[in-house]
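Two chains, two frames, a set of hints: combine them into the complex.
Chains as they are written, first to last, in our numbering: chain S, 72 to 196; chain W, -16 to 673.
Hints in this document: simulated from the structure, not taken from any laboratory.
On a predicted model such as this, the values are computed, not experimentally measured, just so you know.
Hints may contain errors.
Not close to chain S: a few residues of chain W, all C-beta gaps over 10 Å, as computed [unchecked claim]:
| hint | residue |
| --- | --- |
| 1 | 64 |
| 2 | 209 |
| 3 | 289 |
| 4 | 290 |
| 5 | 293 |
| 6 | 561 |
| 7 | 640 |
In silico lysine to aspartate or glutamate, DMTMM-like type, Cα no more than 25 Å apart, as pairs [as the list claims (entries may be wrong)]:
| hint | chain 1 | residue 1 | chain 2 | residue 2 |
| --- | --- | --- | --- | --- |
| 8 | S | 177 | W | 417 |
| 9 | S | 190 | W | 315 |
| 10 | S | 167 | W | 583 |
| 11 | S | 167 | S | 81 |
| 12 | S | 177 | W | 425 |
C-beta atoms are modelled at their ideal positions from N, C-alpha and C, and glycine is treated no differently.
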Amino acid sequence: MSAKILVVDDSMMVRTQVGQTLEWAGFEVVEASDGAEALVKLNDMPEMALVVLDVNMPRMNGIDLLRQLAIRGVLSHIPVVMLTTEGHPQLMRDAKALGAKGWIVKPFRAEHLVAAVRKLTGLAA
Amino acid sequence: MTVRRLSIVRGTPVEEAVAGERTGTPAHERPFLARLRRYLVLPREISSFERAYLRRLNRIGLWFFVAHVPVMMLIAWINEMGTAFIGAVTLATVAGPVFAHRMLDNPRAVSACYGVATMIMGGVLVHTGQGIVQIEMHFYFFALLAMLAVFGNPSVIIAAAATVTVHHIALWVLLPSSVFNYAAPMWVVGVHAAFVILESVAACFIARSFFDNVIGLERIVQRRTAALDLRTRDMRRVLDNVVQGLVTIDRDAMPSNERSRILDTWFGSPRPGETIFDVFERVSAEFAEASRVAWVEVIDGVMPLCLTLAQMPGILSFDGTHHRVTYQSIGDGEQPQRFLVVVTDRTADVARENADRDRSEAMQLFERFAADRQAVYAFFEDASQLVEHISDCGTLSRPVFERLVHTLKGNSSIFGLQSLVIEAHRLETILVEEGRMPQQFELAPLTDRWTSLASEVARLIGAPRPLIEVAESDHSELEAAVRDGEARSEILRRVHALKLEPTRRRLEHFAAQARRIGEGLGKELHVIVESNDLRVDPKYWGRFWNALIHAVRNAVDHGLEPPSVRAASGKATQGTVVLRTRIRGDRFVVEVADDGRGVDWARVAAKAASLGLAASGAGALEEALFRAGFSTADHVSELSGRGLGLGALKAATESLSGTIEVETNPGSGTTIRMSFARSMMAPDLVALAS
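In isolation and in its complexed conformation, chain W is listed as follows (with noise of 0.2 Å):
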């Protein structure tokens, strides 16, 4: 944007200036008389240069006109016309250029009184050189017009015409004899006439193209200078203001001067032979080192220049800033000469999104805690001690990492917290797609952004406390129980129960979360929820339900199939999801629902056994599904793919020491099924209890 406007700069306001300095008002508007006027009158201003072109001119002049005296005294001599008169009036003329020279400051003025003084001197040989020759001697006058053009000022020119005018017709009425050696009748001086005028005109010309092309050059220069310095300064001014670091840089990435200077201020001048990479070295190695390498693509041309450009590194951040940094080619071509830098600060904007984003995920959780506490605070301390053993990954396999990460991944996107879902996404990348265990420096941004959330939710809601919800039907009964009289084992049960948290509250979240998923898939559905009123403790708990999500997800991601798909096998456009807790015998029992296409077991089969895993037998296949790593998926979203849910969700029922098994028809559905101990619904009760 700043660079557009810059350009504009780069228009052609000298050439108008210089152009419209001679003229003022465009010249064919102007009336022919003024015209010829400002033709014939050159422009008040002297220039410094005119004025010693003319101070020499007019001292050589002066030396002209001396030399006369000797050599009109010969001529008068030979023709025997009186030496010492003709001397004396060759002198008396040579008085006025001499007074001239000495008295006039304005050496135009000097000039044009040597344009006077030249033609009376022509008259005085023409009157020295009587007899058969004197015609001839009107040479003179010619000659003298055409060398006064050397002035560069046609109102010499001028002076002299009007003066050989008026001397001609006042001798040739007062004393003929000096001017014609015949008797001339009018027309012949009007002949005469013509030709000064012929000649007066060429030389005014001549002098006026001598006094614009080259005397005149100079303030041409001068002006264009000084616009050029103007535009200089102006531009100057721009690059000492402009917020953004602009500079460019030659192929070897050398900077110029002429850069923005914000940019001093960031990284520091440029030494003499340092590149622009040396000087983004002062604030990060790393960042100059990929750009020089990004840079030899750029020069070698190999690859397409707007490819090149576009992969040169652009997020430089340094001293908590962020900067982008951009390169454009300056002209056409795949290999241009220079290239603009823009550099911008982009810490400022960072902060405000980022602070956006803190407030609305922030707002998101409190709403949540509004509806639900017990659900936030379960999930807060679940995140944290995630956080904590992610932060901590050094002492983790592989496998474990990847499945806290996934953990997080799932539960934050519950709780509607899109940056943790992005930063630990990242984290995932970095472990399937480069196949690493990623660097505490690229954990960094998942932890600082946990602890500021930590952080902001604590100023919203205050620090977790374990609080109990009690129901006042709940409450009322405790009480009458107590009046009543009743067994201490049985109140103890009854204050005891007050702890356990209804599975109807966890089953409505996912509920909740089940119908969003759906609806960012393009997919309608209808949750239906049985929790036969039953409740467990949240103490033993926490970490299933979190789990219990990725069951959730997958149902609605890949069990149920696309509106389109159902219509074409017959079925409702809209899917049920069943989400179930209910007693079953002495077992209490967890189930999700889904009315989908089942399990493809040809493809856990194919993918078992690219994984070298057995591939055949129903146990066989059921186990490789709930496999760490595993997923038929053939893209990987933020949402599920990366297989590795279902192992979470087995290794947190099997912590209950529960059962996971999946019951599949195809085309018909699928359900999950986990099985627990009724005992250990409230572990601590029935410890109560015996």
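Just chain S, same shape as in the assembly (with noise of 0.2 Å):
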């Protein structure tokens, strides 16, 4: 059985095009579209490989999802990577201090992003 991915983004677009990038890479996606959904999506399913998560969002942006990740005990067993634009090295520290795994900076190479799932979930897939 394949990875179980879940992407997070308000955007479609993105939601889009990092959920097909994905799953031609052999992974299984589950999208949501802000960080309420997230949150139930991660409890109905419980053996999600990986999170990518958008910084920018309305209601629960990334960072405060990060925070509730943190305080539920989440981050220990599922790695959570942050999508971002280029130019907010406060807002990745912080990240960091939560206990993001890293960043990717939009826009991003399809085999970059592909290269970065692969090695934090250990599988090829």
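Given below as structure tokens:
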């Protein structure tokens, strides 16, 4: 069975782009359009292998969701990668301090995304 | 590119030079005798190491010779050979080496003389050691031959071997008792010679090997060092002149000393203990900070190296320059020890690209100007105001600011000013994606771009002056009216009407724009312009026309289906867009109609609900459709999709006290209709008349 990746982004365009790239690479992709939906999906699917998380989202942003995941102890077994635009060193520092494994700057190259997900899930998909 | 070239220098010329030094031409191509000669005769050059070694050895050898005098005299005394005579012969033999040591400058020549002298000394011993051990005394020749290998010079062995051969044969003939204690036949001499040859061959081999691998080593090292120095000098020259900044850094980001000089010119030399980021910090603290944060990722190695290196900040701008900074790992693996940093000055490239773009945009605007100067002036006036408001964003609410930016984007797109479109889109991205107002420095690219564009255009077409174009027919009608003495108010009306702009001109402009949008989207379309020869006052209508482009764009982008979809639903593949101005009763009506798919009300309702708007009832949905920030599009393009357009159009319509409505039939098309009081077409004229 292929590893499940949760892609959290309010933009459908980004979700589709990330989702398709990972599906082509052989992963199973679950999408969530905001933090609340992401929490529900993580609850339903504890076998999730990785979360790709957008920083800028309405209502609950990526950093807030990350904080929630840290409180709930999810980060200890599910790695989280942040999606961001260039030029927010402080934001990234905060994300790392909260327990994010790393970040991917938009726009990104498909092979970089796949390499990152493979490395963090420890799978060749 | 440059880096790759540099690596070619790292070849093996040194080894080749060292290997070639001994042979000149490849060994296997020369005849055996020449090779043998080259093997036995050392190269002429004597290194300082060899000279010092031979001097020392020759000095020791001299003492060795002198020590023979008492030893020989002792043996002579024991053998009752005449001590004084043997002492004198030995002294005479020692005189040779002493003379050579004193007089000859070449230490190898001294060694060769020693080679001859040792064998004579051997002869003296064999002569002195007569009796039952005389044959055993011959051992001394062989011991001495072996010892001579210490000079590392086959010539010394050959000289010695030649000497002992001459000595033996001569004495065997002239004074046999000096050599043998019995009547040795010729073949015995042959046996002696065979042993000498055998040992000489081995001793020559040892001497030459000793020379090549030990004595000559210094020369090898010297040559290698020279070649390395040459290479280092070449490399230094390359690094001093290359226009790219090249430097290697370690995992702590400490730069090496081997770096191109231009880096020092740009940033100053790194001080001891400074990282490459400290160096960057001298010109941009922001860039340095972002680089440090991203470098932690490279070193952590949690994410793939290819990703973390690509995500290192790459654009370093300072003092009006633009540099590109890239990082490459040196060696394989995810944890390289060293990295190459390449800094490229792109200032000239960026300036050239910008100049090219500016020129082409200005030319485009100039062409529009030639076709329709009033429209260009109106655009300029409008855009100047928009940019002014945008640059003063502190005083604006976000929805207003969004609308201004969106309108500027739309208008710039009509006039083909792609650079402004890109800048406006960037601001929209900040507003929508990051949910914040842009900061002043983020506005600068847009205002800078506008300023340079405005000055470029002013150069081409002159500063915008309010001109009135008069058609010849209008002019002669006016002239006739004055000549015929028509009422003053009528003449005033006619004069004022000259200032009014035919709506046809604007509508044709939009038609051209619609075709261009269609082309970009791969949609075939037919645009019909129905102006009904109406005119409006551009002073009041400029803003409205600028907002109308949103409706045109919506019709082409969202209204019309792609040709394949149209064909599937039995429609002509070519879509139709109608742009119309007309009078209906006492209303002036502007319409944008398409024969596309119609508004998807279900989708509008869903979107309205998700935004927390009223989502039932036709009125509420229409209201939602025109709301600023509303869009059913799932993807955002530079063209449309931010959902600001219809809101902007509604605002412009209402500022002229007009109403806006949408008439739509699923599957057969949409009409956006704006309706105004006729008096709004030229309010000044109405005022004049009353």
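Okay, the hints, checked on the actual structure:
{"no.": "1", "hint": "64", "in the structure": "93 Å, holds"}
{"no.": "2", "hint": "209", "in the structure": "46 Å, holds"}
{"no.": "3", "hint": "289", "in the structure": "6 Å, violated"}
{"no.": "4", "hint": "290", "in the structure": "4 Å, violated"}
{"no.": "5", "hint": "293", "in the structure": "6 Å, violated"}
{"no.": "6", "hint": "561", "in the structure": "32 Å, holds"}
{"no.": "7", "hint": "640", "in the structure": "35 Å, holds"}
{"no.": "8", "hint": "177(S) - 417(W)", "in the structure": "13 Å, holds"}
{"no.": "9", "hint": "190(S) - 315(W)", "in the structure": "17 Å, holds"}
{"no.": "10", "hint": "167(S) - 583(W)", "in the structure": "44 Å, violated"}
{"no.": "11", "hint": "167(S) - 81(S)", "in the structure": "22 Å, holds"}
{"no.": "12", "hint": "177(S) - 425(W)", "in the structure": "18 Å, holds"}
When each numbered hint is compared with the structure, violations occur for hints 3, 4, 5 and 10.
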